[in-house]
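K.L.:
One-letter residues, chain by chain:
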Amino acid sequence: MNSTAALTTPAFNVDALRQDFPILSRAVRGKPLVYLDNAATSQKPTQVIETISRYYSEYNSNIHRGVHSLSEEATSAYEAAREKCQSFINASSDKEIIFVKGTTEAINLVANTYGRANIKAGDEIIVSWMEHHSNIVPWQMLCEQNGAVLKVIPINDAGELIMDEYRKLLSSKTKLVAVGHISNALGSINPIKEIIDLAHQHDAVVVIDGAQATPHTSIDVQSLDCDFYAFSSHKLFGPTGVGVLYGKQALLEAMPPYQGGGDMIKMVTFEKTMYNELPHKFEAGTPNIAGVIGLGAAIDYVSEIGLDAIATYEHELLEYATEAALTIDGLRLIGTARNKASILSFVMDKVHPHDLGTILDHNGIAIRTGHHCAMPVMDRFEIPATARASFAFYNTKHEIDVLIEGIENAKKVFC
Amino acid sequence: MFDLKDLYQEVIVDHNRSPRNFGKMESPDRTLEGFNPLCGDRLTLYLKMEGEQIDDISFDGSGCAISVASASMMTDAMKGKTAKEAEEIFNNFHELVTTDGSNVDSDKLGKLAALAGVREYPTRVKCATLCWHTLHSALEGEQTAISTE
Numbered sequence: 558m559n560s561t562a563a564l565t566t567p568a569f570n571v572d573a574l575r576q577d578f579p580i581l582s583r584a585v586r587g588k589p590l591v592y593l594d595n596a597a598t599s600q601k602p603t604q605v606i607e608t609i610s611r612y613y614s615e616y617n618s619n620i621h622r623g624v625h626s627l628s629e630e631a632t633s634a635y636e637a638a639r640e641k642c643q644s645f646i647n648a649s650s651d652k653e654i655i656f657v658k659g660t661t662e663a664i665n666l667v668a669n670t671y672g673r674a675n676i677k678a679g680d681e682i683i684v685s686w687m688e689h690h691s692n693i694v695p696w697q698m699l700c701e702q703n704g705a706v707l708k709v710i711p712i713n714d715a716g717e718l719i720m721d722e723y724r725k726l727l728s729s730k731t732k733l734v735a736v737g738h739i740s741n742a743l744g745s746i747n748p749i750k751e752i753i754d755l756a757h758q759h760d761a762v763v764v765i766d767g768a769q770a771t772p773h774t775s776i777d778v779q780s781l782d783c784d785f786y787a788f789s790s791h792k793l794f795g796p797t798g799v800g801v802l803y804g805k806q807a808l809l810e811a812m813p814p815y816q817g818g819g820d821m822i823k824m825v826t827f828e829k830t831m832y833n834e835l836p837h838k839f840e841a842g843t844p845n846i847a848g849v850i851g852l853g854a855a856i857d858y859v860s861e862i863g864l865d866a867i868a869t870y871e872h873e874l875l876e877y878a879t880e881a882a883l884t885i886d887g888l889r890l891i892g893t894a895r896n897k898a899s900i901l902s903f904v905m906d907k908v909h910p911h912d913l914g915t916i917l918d919h920n921g922i923a924i925r926t927g928h929h930c931a932m933p934v935m936d937r938f939e940i941p942a943t944a945r946a947s948f949a950f951y952n953t954k955h956e957i958d959v960l961i962e963g964i965e966n967a968k969k970v971f972c
Numbered sequence: 373m374f375d376l377k378d379l380y381q382e383v384i385v386d387h388n389r390s391p392r393n394f395g396k397m398e399s400p401d402r403t404l405e406g407f408n409p410l411c412g413d414r415l416t417l418y419l420k421m422e423g424e425q426i427d428d429i430s431f432d433g434s435g436c437a438i439s440v441a442s443a444s445m446m447t448d449a450m451k452g453k454t455a456k457e458a459e460e461i462f463n464n465f466h467e468l469v470t471t472d473g474s475n476v477d478s479d480k481l482g483k484l485a486a487l488a489g490v491r492e493y494p495t496r497v498k499c500a501t502l503c504w505h506t507l508h509s510a511l512e513g514e515q516t517a518i519s520t521e
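Line by line, the protein sequences give chains H and C. One rule links them: number in the numbering used here = place in the first sequence (from 1) + 557. One rule links them: number in the numbering used here = place in the second sequence (from 1) + 372.
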């Protein structure tokens, strides 16, 4: 992935790419599936499905311990996936890539290790108003345990962070800033480079929740200079149950371990245990081997298409969908940030999101309805829920037409 | 094949558009809030009791068409019923929306039977039953808000 990818990639061939996703050819309630719930989870290409299947049918075994061939093959595939993750986000070392269950576990890991060791009573942690619950609750729990204080960056009516308010929140008390790269409920792309630089001026470390970002934009943790970056495989066309915590090596080395168990130790006696080196120190127990190897295949797949090409295409989809949505009488977009990823969150005058979700499902269209695990966002906009269509690179303008028609049909039921 | 109109029947659309017994009650005997954290549906039930009998009942709150229509129809059906009768109807209603309905005593349900289509959408069952769970708890004397989760 580099900035020339968009130029060197021939015209984005969405029809060909769709062939890689077997699920996209199924029907739902007798209609062709229109899958627009990609922010919840993405679909998986054959390349990923077959990689996982190959692991189980050809070299399934435990890693890092056996001397036999299968274990060597599995270990090498597992560690190769770590290197793929390293280069995917441009980390400086594969020691900085910790495999976890997903973004949620990654954030909990930081809260429970770095947080407990470094954040004390009276210290302040800053999150934003648009965070997913998984980037709020672990910090709240930490605050309850150690007496730290949670501060919240407010957002404006467009769903953008109010950076002046962020600047005012920062002080010598600020020890950690935890912000999402892209909001799952609003689609807003946050200015994380600026957020990180400002936090560093106050010696605070920064945790970026990248769950929504990695499928849509290329990440360079070194140029961002972020301290921690978390993402999930399943939103990136890989399997569920696996994700990555990136952390700067010096921070990870100084942190206490997360869970105790096998693989994270060098030597155990009843008097003392010596912990293993990075990254194994944070990977106790048999990990999700198939998941990690599958994530590696997903990264290969996405990298071959190129994230810049993906971002360009998805931006086109978003503009097309936004324009079409605005022609629908009674529809109000929630989240109109200037810098936005391919997420269209909205409410309607006379149709509740859940009824819309059910009616669209009847047309084979999958969208998400509800609070999107971001209840403070719903409170901010004084709504109980939104309907959310979220696009991936395999979606088409035709599918957006089907969505718009479905919304018009739903209106007819209630108006 | 199941038709969408079986779920959003005219009577349901009508109860959603103009819910009956909607609004806060002056000096109720019992008030209880019900909340569905999955979708944000929230309603408050107000009850006036005459001994064991529901003398008056109303609700307010916000939710999807299924939850509003269900609360509207439930409150209509509950006026004058005893707590025991209410329980019986609730059991029948629950059976109606969660099973194939073969054990349902439809005489007891009346208009409420219009919500049978919900059974085709398991994720929507809680929308239809939120008001009933809230009523059940209110009749049992529960005072803290109830949640479907």
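Among the clues, some could well be false.
Claimed, not checked - The calculated lysine-lysine pairs, modelled on BS3-like cross-linking and capped at a C-alpha distance of 30 Å, are: (1) K453/C - K483/C; (2) K420/C - K377/C; (3) K498/C - K588/H; (4) K677/H - K725/H; (5) K968/H - K453/C; (6) K907/H - K456/C; (7) K658/H - K588/H; (8) K829/H - K588/H; (9) K907/H - K377/C; (10) K453/C - K969/H; (11) K377/C - K456/C; (12) K968/H - K480/C; (13) K708/H - K730/H; (14) K420/C - K969/H; (15) K954/H - K377/C; (16) K805/H - K725/H; (17) K396/C - K451/C; (18) K480/C - K456/C; (19) K969/H - K456/C; (20) K420/C - K968/H; (21) K829/H - K652/H; (22) K968/H - K483/C; (23) K420/C - K456/C; (24) K750/H - K641/H; (25) K907/H - K483/C; (26) K396/C - K907/H; (27) K805/H - K730/H; (28) K588/H - K377/C; (29) K451/C - K420/C; (30) K968/H - K954/H; (31) K954/H - K969/H; (32) K730/H - K750/H; (33) K588/H - K968/H; (34) K396/C - K498/C; (35) K498/C - K907/H; (36) K588/H - K823/H; (37) K652/H - K907/H; (38) K658/H - K907/H; (39) K658/H - K641/H; (40) K805/H - K658/H.
Source of the hints: derived by calculation from the structure; they are not laboratory data.
K.L.:
Does each hint hold? Answer for all of them.
P.N.:
Hints versus structure:
1. K453/C - K483/C: holds, 15 Å
2. K420/C - K377/C: Given that 30 Å is the threshold and the Cα spacing comes to 35 Å, the pair is violated.
3. K498/C - K588/H: Answer holds: K498/C to K588/H is near 26 Å, not above 30 Å.
4. K677/H - K725/H: Measuring from Cα to Cα gives roughly 21 Å; hence the hint holds.
5. K968/H - K453/C: At roughly 36 Å apart (the allowed maximum being 30 Å), K453/C and K968/H break the hint.
6. K907/H - K456/C: Roughly 36 Å separates the two Cα atoms, so the pair is violated.
7. K658/H - K588/H: Violated. K658/H to K588/H sits at ~34 Å, over the 30 Å cutoff.
8. K829/H - K588/H: violated, 62 Å
9. K907/H - K377/C: holds, 17 Å
10. K453/C - K969/H: violated, 36 Å
11. K377/C - K456/C: Not satisfied, since the Cα-Cα distance of roughly 33 Å exceeds 30 Å.
12. K968/H - K480/C: violated, 33 Å
13. K708/H - K730/H: Given pair K708/H, K730/H holds - Cα atoms ~11 Å apart, limit 30 Å.
14. K420/C - K969/H: violated, 38 Å
15. K954/H - K377/C: holds, 28 Å
16. K805/H - K725/H: This hinted pair holds, its Cα atoms lying about 27 Å apart.
17. K396/C - K451/C: holds, 16 Å
18. K480/C - K456/C: holds, 13 Å
19. K969/H - K456/C: Distance of about 40 Å is beyond 30 Å: violated.
20. K420/C - K968/H: Violated: K420/C and K968/H sit about 37 Å apart, past 30 Å.
21. K829/H - K652/H: holds, 24 Å
22. K968/H - K483/C: Cα-Cα ~25 Å, so holds.
23. K420/C - K456/C: Holds. K420/C to K456/C sits at ~16 Å (cutoff 30 Å).
24. K750/H - K641/H: holds, 23 Å
25. K907/H - K483/C: OK: K907/H and K483/C at ~24 Å, within 30 Å.
26. K396/C - K907/H: This hinted pair holds, its Cα atoms lying about 22 Å apart.
27. K805/H - K730/H: holds, 22 Å
28. K588/H - K377/C: holds, 17 Å
29. K451/C - K420/C: holds, 10 Å
30. K968/H - K954/H: Holds. K968/H to K954/H sits at ~21 Å (cutoff 30 Å).
31. K954/H - K969/H: holds, 23 Å
32. K730/H - K750/H: Cα-Cα ~21 Å, so holds.
33. K588/H - K968/H: Distance ~20 Å between K588/H and K968/H Cα, so the pair holds.
34. K396/C - K498/C: holds, 23 Å
35. K498/C - K907/H: holds, 21 Å
36. K588/H - K823/H: violated, 56 Å
37. K652/H - K907/H: At roughly 53 Å apart (the allowed maximum being 30 Å), K907/H and K652/H break the hint.
38. K658/H - K907/H: violated, 40 Å
39. K658/H - K641/H: OK: K658/H and K641/H at ~17 Å, within 30 Å.
40. K805/H - K658/H: holds, 19 Å
In terms of the numbered hints stated before, the structure departs from hints 2, 5, 6, 7, 8, 10, 11, 12, 14, 19, 20, 36, 37, 38, listed from lowest to highest.
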